[in-house]
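Undergrad: Chain residues, written in single-letter form:
There are 2 protein chains.
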Amino acid sequence: MEKVVVRQLVRDTKRYKDKEVEINGWIRTNRDQKAFGFMNLNDGTHFNTLQVVYERVNLENFEEIAHLGVGSAVTIRGTLVETPNAKQPFEIKAKEVIVEGDCPESFPIQPKRHTREFLREIAHLRPRTNLFSAVFRVRSLIAYAIHKFFQEKGFVYVHSPIITASDAEGAGEMFRVTTMDLKNPALTEDGKVDYSEDFFGRSTNLTVSGQLEAEVFALAFRDVYTFGPTFRAENSNTARHAAEFWMIEPEIAFADLEDNMTLAEDMMKYIINYVLEQAPEEMEFFNKFVDKGLKGRLENIIKSQFARVSYTEAVEMLKKSGEKFQYPVEWGNDLQTEHERYLSEKVFKKPVFVTDYPKDIKAFYMRLNEDGKTVAAMDLLVPGVGEIIGGSQREERLDVLEQRMEEFSIDKEDMEWYLDLRRYGGVKHAGYGLGFERAVMYITGVSNIRDVIPFPRTVNSCEY
Amino acid sequence: MEKVVVRQLVRDTKRYKDKEVEINGWIRTNRDQKAFGFMNLNDGTHFNTLQVVYERVNLENFEEIAHLGVGSAVTIRGTLVETPNAKQPFEIKAKEVIVEGDCPESFPIQPKRHTREFLREIAHLRPRTNLFSAVFRVRSLIAYAIHKFFQEKGFVYVHSPIITASDAEGAGEMFRVTTMDLKNPALTEDGKVDYSEDFFGRSTNLTVSGQLEAEVFALAFRDVYTFGPTFRAENSNTARHAAEFWMIEPEIAFADLEDNMTLAEDMMKYIINYVLEQAPEEMEFFNKFVDKGLKGRLENIIKSQFARVSYTEAVEMLKKSGEKFQYPVEWGNDLQTEHERYLSEKVFKKPVFVTDYPKDIKAFYMRLNEDGKTVAAMDLLVPGVGEIIGGSQREERLDVLEQRMEEFSIDKEDMEWYLDLRRYGGVKHAGYGLGFERAVMYITGVSNIRDVIPFPRTVNSCEY
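Chains A and B, in that order, give the protein sequences.
If you read the first sequence in the numbering used here, its first letter stands for residue 1, the second for the next number, and so on.
If you read the second sequence in the numbering used here, its first letter stands for residue 1, the second for the next number, and so on.
These are calculated hints, taken from the structure and not from any lab test.
Since the model is a prediction, treat every value here as computed from it, not as a measurement.
Don't take every hint at face value.
Copies of the same chain are indistinguishable here, so a pair counts whether it falls within one copy or spans any two.
30 Å max Cα-Cα, derived BS3-like pairs, lysine-lysine [said to hold, decoys possible]:
| # | residue 1 | residue 2 |
| --- | --- | --- |
| 1 | Lys19 | Lys153 |
| 2 | Lys269 | Lys148 |
| 3 | Lys373 | Lys349 |
| 4 | Lys303 | Lys87 |
| 5 | Lys183 | Lys412 |
| 6 | Lys17 | Lys153 |
| 7 | Lys192 | Lys303 |
| 8 | Lys153 | Lys269 |
| 9 | Lys295 | Lys350 |
| 10 | Lys95 | Lys373 |
| 11 | Lys269 | Lys349 |
| 12 | Lys112 | Lys19 |
| 13 | Lys34 | Lys269 |
| 14 | Lys295 | Lys93 |
| 15 | Lys350 | Lys14 |
| 16 | Lys14 | Lys346 |
| 17 | Lys95 | Lys153 |
| 18 | Lys346 | Lys34 |
| 19 | Lys319 | Lys19 |
| 20 | Lys292 | Lys148 |
| 21 | Lys3 | Lys153 |
| 22 | Lys34 | Lys183 |
| 23 | Lys349 | Lys87 |
| 24 | Lys95 | Lys14 |
| 25 | Lys373 | Lys346 |
| 26 | Lys14 | Lys303 |
| 27 | Lys153 | Lys87 |
| 28 | Lys269 | Lys3 |
| 29 | Lys153 | Lys295 |
| 30 | Lys303 | Lys3 |
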């Protein structure tokens, strides 16, 4: 008897028609009449459940099986029968049902509606619900689609370091990494904490970005990407912020801002297309129960050509819009989420790259434009979310970069290696960052970042 | 004129024969005679360099180009010409050479032999050498092969948390993650450090393993894997230890130790096969210059069926071998690398799974065997390295697990979620851990872990 999983049966039903199979799973529902019982099993390999029919005449342990609670694990041996008139296209007629692990009535996940807040409290059990089964399977598929996209283009995957001594990126508050005794740290003669006694012989933090290290590799391998965890020790308790999240940071050499936008657009379309193809049941579920209109929006994105507009033009558009915004629109100010959403939802009605931001509101490494006022930055704004990607062409001119570092008061001594990239065969290059969880939220329609991370880390919360 | 990369020209030479192309790259060598010059370019997309021939009659800037130093970046426009009698199958006859970024003679990477120790000091430039070009491209391919293997089998990729409050795994010394002021941490009334004032409201560390969290997901999705960074704050300055490294931890439900071994064997073969197919030039290079016999050893592994032997049998074999070991062989002691290598290199001459170790030298979560003395553990030992994979069937019986936790003095209170996995539809399940860098070392033949990590983190070293 062939051992199978539900995914196989769904994808290849014909092959198993009228065959005997062995299958495992967890009971989602179980109800019995006198002579019959029906259970819906989920084995984790497919979003949908499998209907199993069992009969008293066939099962010695009918009573035991009929009383099995939701969440119990069973092994079924039986025959696949097509059911053309039923809701599901086939079911299993059980010859044997073996209890693998029972489940008491205290099991918190019962077949009823649970709030997401409640489910966050039991993050170790919530993957057994429809919503989180769909979210985490799609999360996995998005991660793979990203690797597949870049690898098929010949990009080299770089593991940028997690623990870092650098604080040049300045992207936000950092977590300290230490093995020192917090009560009695080693001190220097003048009473300061002596980090030369710490594990790495210096002060170290968790990375906020792998970009600078990715540049090292782009200037050797041409096309590279990172995909790893990054951290912010920011005290922001919002639905969109987590202290630990994953980022994708491609970096391409011999490339400018145009190439960078083309890459980002191709990547977004590739990922969305992959998920729609690979997870039709999950996407249907999100579309129906989480975010009505989601599928149409995503399908539209695959078909559309992303708009491109300069920051200066965008500011003009916002000013002329007559819309009342909470934050004032003024050349030189950063765009707020309300402005970003207005641009992508109302003005362009599709994803839009905004480019060439004022230099003072962007990072030191972004390439200074000829006007001396703006830098070759790009943000991708998408309907429903706002900014999802931020990137730029990098400053490859040594003298300009040094000047910019001075303006930002960045210590050059620690950054000689970064300057070396401009000294030795430096070339124009560009890259961007995609917050992985933002992408998952965007594609699933789930609005709280805590609901797309297996075990989220936020201010005052680090469970499991 | 089509813009191309070297990889395209190599893989699809016929298509570009006698065509004009535009190509970029960094100069590896450059020499000129009166009328001609030859340069070898590497553009990072392929291991081999591309020969470019340029003539004085064609180039206005011949003098400038002829004097370009190693490391300079150029754009070439020219025609691909087949060269059936030369070492390389084709070359580019340049019509135009544009300098993208020059490179002074102080560039530390010259076309001569550099020691690996020297190259570690300039980790930001070493990817531009043959060795590290090969290592990091293969590292990327291995990472992708791992994702591809599991995704094609329908496994769900789980991002287990990096920052954790758990210390139950007990796999080693941990790094503290904190935002407290080391000089003046908040204190409780009785003078202890008050971690309730720390960012997460409790004491937190960097993870040493994602296994326990992977078990959560296996008991919902059946087949899952993690692939993320893990950390050890161990003061071991060896060629095989780093403070930060990546791990792959698959976890499979409705599965026992046999299934676990089959999965590990299939995975190892899949990865090796993928790299041999995708990186023939790099593997040839490793075989020739890094580890003679490497390719034969790897090809042999793909063809062989891995051996399986119990720890108890293995101890008998070692005792009877007549070999003089540095560490005594005694039932109850852990196997040392010398024993592991002897078993795989001398006894079995291929990879071998050693199973069912004494319970006292293995972790609390491993399933207790019927004999009450051993647990359903498995280590995969490979020639040349020793242990490369460690895994086990997990203890799914609540009462036995609780008993084992007591023996190991593990606080159950923090682990209720882990026990819940046995309370609610618990099933037999198994998994293993593969140290990613160990796998890269094994497949490339590179013997120091510092040389397979982009920016290695070890005791007293955290550069870039």
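Undergrad: Does each hint hold? Answer for all of them.
TA: Against the structure, the hints:
Proximity of Lys19 to Lys153 under the C-alpha cut-off of 30 Å is restricted to the inter-copy arrangement: shortest distance 22 Å between copies versus 42 Å within a copy. Proximity of Lys269 and Lys148 under a CA criterion of 30 Å is satisfied in both settings, with 13 Å inside one chain copy and 20 Å between copies. For the identical chains of this complex, Lys373 and Lys349 are intra-copy neighbours only, at 29 Å inside a copy versus 67 Å across copies, given an alpha-carbon limit of 30 Å. Taking identical chains as interchangeable, the C-alpha atoms of Lys303 and Lys87 are never at most 30 Å apart, the minima being 33 Å within one chain and 47 Å between chains.
When the C-alpha separation of Lys183 and Lys412 is checked against a cutoff of 30 Å, the pair qualifies only between copies, where the shortest distance is 27 Å, while the shortest distance within a copy is 33 Å. In this assembly of identical chains, the alpha carbons of Lys17 and Lys153 lie at most 30 Å apart only when taken from different copies (22 Å versus 40 Å within one copy). Proximity of Lys192 to Lys303 under the C-alpha cut-off of 30 Å is found in neither arrangement, the shortest distances being 59 Å within a copy and 60 Å between copies. In this assembly of identical chains, Lys153 and Lys269 lie within 30 Å of each other by CA distance both inside one copy and across copies; the values are 15 Å within and 24 Å between.
With identical chains, the CA atoms of Lys295 and Lys350 are at most 30 Å apart within one copy only, with a shortest distance of 14 Å there and 51 Å across copies. Proximity of Lys95 to Lys373 under the C-alpha cut-off of 30 Å is found in neither arrangement, the shortest distances being 76 Å within a copy and 37 Å between copies. In this assembly of identical chains, Lys269 and Lys349 lie within 30 Å of each other by CA distance solely inside one copy; the values are 16 Å within and 49 Å between copies. In this homomeric assembly, Lys112 and Lys19 never come within 30 Å of each other (Cα to Cα): the closest approach is 34 Å inside a single copy and 66 Å across copies.
Proximity of Lys34 to Lys269 under the C-alpha cut-off of 30 Å is found in neither arrangement, the shortest distances being 53 Å within a copy and 52 Å between copies. Taking the shortest alpha-carbon separations for Lys295 and Lys93, neither the intra-copy value of 35 Å nor the inter-copy value of 51 Å comes in at or below 30 Å. Taking identical chains as interchangeable, the C-alpha atoms of Lys350 and Lys14 are never at most 30 Å apart, the minima being 41 Å within one chain and 41 Å between chains. In this assembly of identical chains, the alpha carbons of Lys14 and Lys346 never lie at most 30 Å apart, being 48 Å within a copy and 49 Å across copies at closest.
Taking identical chains as interchangeable, the C-alpha atoms of Lys95 and Lys153 lie at most 30 Å apart only when they sit on different chains, with a minimum of 28 Å there against 50 Å within one chain. In the homo-oligomer, the alpha carbons of Lys346 and Lys34 never lie at most 30 Å apart, since the shortest distance is 60 Å inside one protomer and 64 Å across protomers. Proximity of Lys319 and Lys19 under a CA criterion of 30 Å is satisfied in neither setting, with 68 Å inside one chain copy and 51 Å between copies. For a Cα distance limit of 30 Å, the shortest separation of Lys292 from Lys148 inside one copy, 29 Å, qualifies, whereas the shortest one across copies, 32 Å, does not.
In this assembly of identical chains, the alpha carbons of Lys3 and Lys153 lie at most 30 Å apart only when taken from different copies (14 Å versus 37 Å within one copy). Neither within a single protomer nor between protomers do Lys34 and Lys183 lie at most 30 Å apart by alpha-carbon distance, with minima of 68 Å and 72 Å respectively. For a Cα distance limit of 30 Å, the shortest separation of Lys349 from Lys87 qualifies neither inside one copy, at 37 Å, nor across copies, at 56 Å. In this assembly of identical chains, Lys95 and Lys14 lie within 30 Å of each other by CA distance solely inside one copy; the values are 20 Å within and 60 Å between copies.
For a Cα distance limit of 30 Å, the shortest separation of Lys373 from Lys346 inside one copy, 28 Å, qualifies, whereas the shortest one across copies, 69 Å, does not. When the C-alpha separation of Lys14 and Lys303 is checked against a cutoff of 30 Å, the pair qualifies neither within a copy, at 34 Å, nor between copies, at 34 Å. For the homomeric pair Lys153 and Lys87, the shortest alpha-carbon distance between copies (28 Å) is at most 30 Å, but the shortest distance inside one copy (42 Å) is not. In the homo-oligomer, the alpha carbons of Lys269 and Lys3 lie at most 30 Å apart only across protomers (23 Å), although the nearest pairing inside one protomer, at 37 Å, exceeds that limit.
For a Cα distance limit of 30 Å, the shortest separation of Lys153 from Lys295 qualifies both inside one copy, at 27 Å, and across copies, at 27 Å. Taking identical chains as interchangeable, the C-alpha atoms of Lys303 and Lys3 lie at most 30 Å apart only when they sit on different chains, with a minimum of 26 Å there against 41 Å within one chain.
Of the numbered hints stated above, those contradicted by the structure are hints 4, 7, 10, 12, 13, 14, 15, 16, 18, 19, 22, 23, 26, listed in ascending order.
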